[in-house]
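Participant: Using the sequences and the hints, build the whole thing.
Chain by chain, the residues run as shown.
Number of protein chains: 2
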Amino acid sequence: MARIVEAIRMAPTSSGLQPFHLFVIRNAELKSKLKAAANAKDLVTDSSHFLVFAAFDTYTEARIDAVVARHAVERPGTEAALDTYYDTLKASYLPRPDDVNFDHAARQTYNALGFALAAAAELEVDSTPMEGVDNAKFDEILGLKDKGLKSVVALALGTRQAESDWLLPLKKVRTPAYDLVTDLN
Amino acid sequence: MARIVEAIRMAPTSSGLQPFHLFVIRNAELKSKLKAAANAKDLVTDSSHFLVFAAFDTYTEARIDAVVARHAVERPGTEAALDTYYDTLKASYLPRPDDVNFDHAARQTYNALGFALAAAAELEVDSTPMEGVDNAKFDEILGLKDKGLKSVVALALGTRQAESDWLLPLKKVRTPAYDLVTDLN
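If you read the protein sequences in the order shown, they are chains A and B.
Position one of the first sequence corresponds to residue 1 (this note's numbering), numbered consecutively onward.
Position one of the second sequence corresponds to residue 186 (this note's numbering), numbered consecutively onward.
Treat the hints loosely; a few may be bogus.
As the list claims (entries may be wrong) - Sample of chain B residues with no beta-carbon within 12 Å of chain A, all distances over it, derived:
id	residue
1	ALA192
2	HIS206
3	ALA221
4	ALA222
5	LEU228
6	THR230
7	GLU259
8	ASP272
To be verified - Using 35 Å as the maximum straight-line C-alpha spacing, the simulated DSBU-like pairs for lysine-lysine come out as follows:
id	chain 1	residue 1	chain 2	residue 2
9	B	LYS275	B	LYS356
10	B	LYS356	A	LYS145
11	A	LYS90	B	LYS218
12	A	LYS35	A	LYS145
Quick caveat, the hints were computed from the structure, so don't treat them as lab data.
None of the values given here were measured: they were computed from a predicted structure.
Glycine residues also receive a C-beta, built at the ideal position from the N, C-alpha and C atoms.
Facilitator: In structure tokens form, the structure reads like this:
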């Protein structure tokens, strides 16, 4: 689990903003509440660790300043370049509607989800990403509004139960490369 | 490159929809045109392979039917369950505004981007994901509108040039785990 969380933490994000927060949930009572808000999907409570990715509800000056401050500490001598870059970013992001900024943050979250899924597969941890939950209820249960966050996607992790997994013997189905990819040489 | 593209193709997506198309661009003239629409960023033309991820502009009955048909072929005996599942999905997705569906498709694209970046890192291929381009111009150059696609994110891939990479010696900077992750045990 520590390695999967670290893959999420180290995933690159646009301008290094890392505009999300990760909740790693093992508490049984909390999982039961979230299950009720997730169409009663058993895998919420069957998982050993239930992860909820919550994105920034918008970008703020304070949130961007925190990124600049961290870079200034870790990369001494780059302060001037950092200020130029992030001042431009602020001028672009801060006037945008919240939903545009949230959408941008949500996309970064899905990139980190990709790293989590790849890490889980390598570590042979079973994973099921989950959309289609009642996000408003998730946000309420986790108290996200006060934190300036909105739930985006969840990820159930655990040990494979091969004998009861009806999907396991089925062939993996993907779009063929000739339909999905165009080479322009 | 084949392995990176395969990582993208095999990335999981919501309900298996794989709602994007990948353009793998080596053509120098095309890269020059895209560079002009990407704030003249040198890495468009410096890359050996410039990838553009384009998401479905919306979900349609035909697009969902193509997924069902592929699953029916590869997973014989599941036709009835497939119809039930994807009929429900159609009832939910098809009446939604195009921008809601595009946003959903774009998120799946970023998940696949995560797989591409993890694969590139493992293969020691240098990678730079790229936002902030003129997406309307990208769409025009690649003729995406007629294909029902919209550009979402790009990825420059190539051989590391360590001697001219000013970022390479700098420390990687990330949000500390105590700020990014909350354990709820």
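Participant: Evaluate each hint against the coordinates.
Facilitator: Each hint tested on the structure:
1. ALA192: Violated, since 8 Å does not exceed 12 Å.
2. HIS206: Check fails; 6 Å does not lie beyond 12 Å.
3. ALA221: 16 Å, holds
4. ALA222: 15 Å, holds
5. LEU228: Holds, since 15 Å exceeds 12 Å.
6. THR230: 14 Å, holds
7. GLU259: 5 Å, violated
8. ASP272: Per Cβ check, B:ASP272 is outside 12 Å of chain A; nearest 15 Å; holds.
9. B:LYS275 / B:LYS356: Roughly 47 Å separates the two Cα atoms, so the pair is violated.
10. B:LYS356 / A:LYS145: With a Cα-Cα distance of about 33 Å, the restraint between B:LYS356 and A:LYS145 holds, given a limit of 35 Å.
11. A:LYS90 / B:LYS218: At roughly 28 Å apart (the allowed maximum being 35 Å), B:LYS218 and A:LYS90 satisfy the hint.
12. A:LYS35 / A:LYS145: 20 Å, holds
Checked against the numbered hints above, the structure violates hints 1, 2, 7, 9; every other hint is satisfied.
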